[in-house]
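Respectively, the protein sequence lines represent chains E and P.
Residues in the first sequence are numbered consecutively from 1226, following my numbering.
Residues in the second sequence are numbered consecutively from 9, following my numbering.
Hints are computed from structural coordinates only; laboratory data are not their basis.
Where hints are given, some of them may not hold.
[As the list claims (entries may be wrong)] Listed next, the stretches of chain E that the computed footprint assigns to chain P, with coverage defined by at least 3 CB atoms under 8 Å from CB atoms of chain P: (1) 1267–1276; (2) 1292–1303; (3) 1326–1335.
[Unchecked claim] Okay, derived cross-link-like pairs now, SDA-like style, lysine to any residue, Cα gap no bigger than 25 Å in a straight line: (4) K106(P) x T1295(E); (5) K64(P) x N1322(E); (6) K45(P) x S1274(E); (7) K1323(E) x E47(P); (8) K118(P) x K76(P); (9) K106(P) x T1240(E); (10) K50(P) x L1303(E); (11) K106(P) x V1237(E); (12) K106(P) x T1337(E); (13) K50(P) x G1241(E); (14) K79(P) x K118(P); (15) K1323(E) x K118(P); (16) K1234(E) x I28(P); (17) K50(P) x M1252(E); (18) K45(P) x A1227(E); (19) K106(P) x Y1320(E); (20) K64(P) x L1303(E); (21) K76(P) x R1269(E); (22) K1234(E) x Q111(P); (23) K1323(E) x N30(P); (24) K106(P) x P1264(E); (25) K1323(E) x P90(P); (26) K45(P) x T1295(E); (27) K50(P) x S1319(E); (28) K76(P) x E47(P); (29) K106(P) x G1241(E).
Just so you know, even glycine gets a beta-carbon here, dropped at the ideal spot from N, CA and C.
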Amino acid sequence: NAGVTQTPKFQVLKTGQSMTLQCAQDMNHEYMSWYRQDPGMGLRLIHYSVGAGITDQGEVPNGYNVSRSTTEDFPLRLLSAAPSQTSVYFCASSYSNKYEQYFGPGTRLTVT
Amino acid sequence: GESVGLHLPTLSVQEGDNSIINCAYSNSASDYFIWYKQESGKGPQFIIDIRSNMDKRQGQRVTVLLNKTVKHLSLQIAATQPGDSAVYFCAEYNQGGKLIFGQGTELSVKP
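For reference, chain P alone in the conformation it holds in the complex (with noise of 0.2 Å):
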């Protein structure tokens, strides 16, 4: 069932330094991934995808790492501002194309 109140798990980080957020996926038959980044208040907004022919991709400041072994998936934001802060989820498409978020880590930036 739900838990009313659960804390997302938190990630405190000063500026500057690098940021590495961790997510676990449960379908090894999932073959695309996207990180959302969202801001309190705001809808999420696409970050980087990666496809599962793939083992690292990387956009501007970000770098996203897939390990199929381990089904973990990994987001790398190099120089991390302030503006930075925000919730960040990772998403798997499964078997039936339907999109499925995680939970989500909470990235607080120090400055």
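Isolated chain E (complex conformation) (with noise of 0.2 Å):
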């Protein structure tokens, strides 16, 4: 199993550019969701999905959109980035709520 694996790696955005950052498990999780990390601090939920077609907002949910329409993808969408967003963006995915989470390597982005 690949686990969760995120794309890109590393990405420069210009102010009011949008763009996806793709999430994907190959663990038949249902529960998944999106997590901002900036330095020195924890993470902090986005938004989730406790599974294919539902979506909820986490701690800072302003200025990205999410979509689940396969169990296996979770892509986060950035609609028009702001140089608040630099940050690095971590994927998660868990058997259900309350259980274990499996992060993904990071994709850490840039808006200048």
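Bring the two chains, given one by one in their own frames, into a single complex with the hints.
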């Protein structure tokens, strides 16, 4: 199993550009989530999904959209990038809510 | 608001000593807690978890203690090794079923 994969690993955007961060898992996990991590801080939940077709907001959802059309994929869309969105983004999946979450390697995003 | 350049709490230990990393959680209704290890440039890696119906849980070289009275969690690492150097996060599941991370502690192991 590849586990949780994320692409790209690095990305530089200009203010106002849009892009999609990809996340996929091959463990047949129902629960998937997106976090951002800023320097010297813990991870903050952006959006999560408890199954295909179901998404909900986390702590810091503004400026991001998600969709979950399949069990395997959970893309994160930045609608109009801002410098405040410069961060490292992690995708995670788990069997269900309140179970161990497996994290991907992260995407380092810089917005100039 | 957020602080720019926030410094993580740090813990420095000698190789072979035991390490204790502490965490205070916020929600008395939280019923599931996880410790993660994050090495530089990598995603968090699961270490051990504990549910609120337990006070202690042991893994390989690690023990987690939960004190619900004072809302405190600790991670003990026995015979700390250089490979244990990393940032350690505690995380709690709140009532809404969302995983909330603490700030993290940077563990440095001196050979």
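For each hint, the structure was consulted:
1. For the region 1267–1276 of chain E, the stated coverage by chain P is satisfied: 5 residues place a CB nearer than 8 Å to a CB of that chain, which reaches the threshold of 3.
2. Counting residues of the region 1292–1303 of chain E whose C-beta lies closer than 8 Å to any C-beta of chain P gives 0; at least three are required, and the coverage claim is violated.
3. Counting residues of the region 1326–1335 of chain E whose C-beta lies closer than 8 Å to any C-beta of chain P gives 6; at least three are required, and the coverage claim holds.
4. Taking the CA atoms of K106(P) and T1295(E), the gap is about 21 Å. The hint holds against a cut of 25 Å.
5. Note on K64(P) and N1322(E): the hinted pairing holds, with a Cα-Cα distance of about 22 Å set against a maximum of 25 Å.
6. Our distance criterion of 25 Å between C-alpha atoms is met by K45(P) and S1274(E), whose separation comes to about 24 Å.
7. Straight-line distance between C-alpha atoms of K1323(E) and E47(P) comes to about 23 Å, which keeps the hinted pair within the 25 Å bound.
8. Note on K118(P) and K76(P): the hinted pairing is violated, with a Cα-Cα distance of about 33 Å set against a maximum of 25 Å.
9. With a C-alpha separation of about 30 Å, the suggested pairing of K106(P) with T1240(E) is violated against the 25 Å cut-off.
10. Taken as a hint, the K50(P) and L1303(E) pair is honoured in the structure, with Cα atoms around 22 Å apart against an allowance of 25 Å.
11. Simply put, K106(P) and V1237(E) have alpha-carbon atoms about 29 Å apart, too far for the 25 Å limit, and the pair is violated.
12. For the hint linking K106(P) to T1337(E), the alpha-carbon distance of about 31 Å lies beyond 25 Å, and the restraint is violated.
13. This hinted pair does not check out: K50(P) and G1241(E) have alpha carbons roughly 28 Å apart, beyond 25 Å.
14. For the given pair, K79(P) sits about 31 Å from K118(P) by alpha-carbon distance, which is inconsistent with the 25 Å threshold.
15. At roughly 35 Å between alpha-carbon atoms, K1323(E) and K118(P) are farther apart than 25 Å, so this suggested pair is violated.
16. For the proposed pair K1234(E) and I28(P), the alpha carbon gap of about 33 Å is over 25 Å, so the pair is violated.
17. Pair hint K50(P) plus M1252(E) holds up; C-alpha atoms about 20 Å apart against a cutoff of 25 Å.
18. For a cut-off of 25 Å, the pair hint linking K45(P) to A1227(E) stands: about 20 Å separates their Cα positions.
19. A hinted pair counts as satisfied when its Cα atoms are at most 25 Å apart, and K106(P) with Y1320(E) qualifies at roughly 14 Å.
20. Proposed proximity of K64(P) and L1303(E) is contradicted: the alpha carbons are some 42 Å apart, above 25 Å.
21. For a cut-off of 25 Å, the pair hint linking K76(P) to R1269(E) stands: about 24 Å separates their Cα positions.
22. With a CA separation close to 24 Å, the supplied pair K1234(E) and Q111(P) stays within the 25 Å bound.
23. A threshold of 25 Å between alpha carbons decides the hint, and for K1323(E) with N30(P) the separation of about 21 Å falls inside it, so the pair holds.
24. Restraint check for K106(P) and P1264(E): satisfied, since their Cα atoms lie roughly 22 Å apart, inside the 25 Å limit.
25. At most 25 Å may separate the alpha-carbon atoms for a hinted pair to count; K1323(E) and P90(P) exceed this at roughly 31 Å.
26. About 29 Å separates the Cα atoms of K45(P) and T1295(E), which puts this hinted pair outside 25 Å; it is violated.
27. For the hint pairing K50(P) with S1319(E), the CA-to-CA distance comes to about 18 Å; that is within 25 Å, so the pair holds.
28. Between K76(P) and E47(P) the CA atoms are separated by roughly 29 Å; this puts the pair beyond 25 Å, and the hint is violated.
29. A hinted pair counts as satisfied when its Cα atoms are at most 25 Å apart, and K106(P) with G1241(E) does not qualify at roughly 30 Å.
Violated hints for the displayed structure, listed by number in ascending order: 2, 8, 9, 11, 12, 13, 14, 15, 16, 20, 25, 26, 28, 29.
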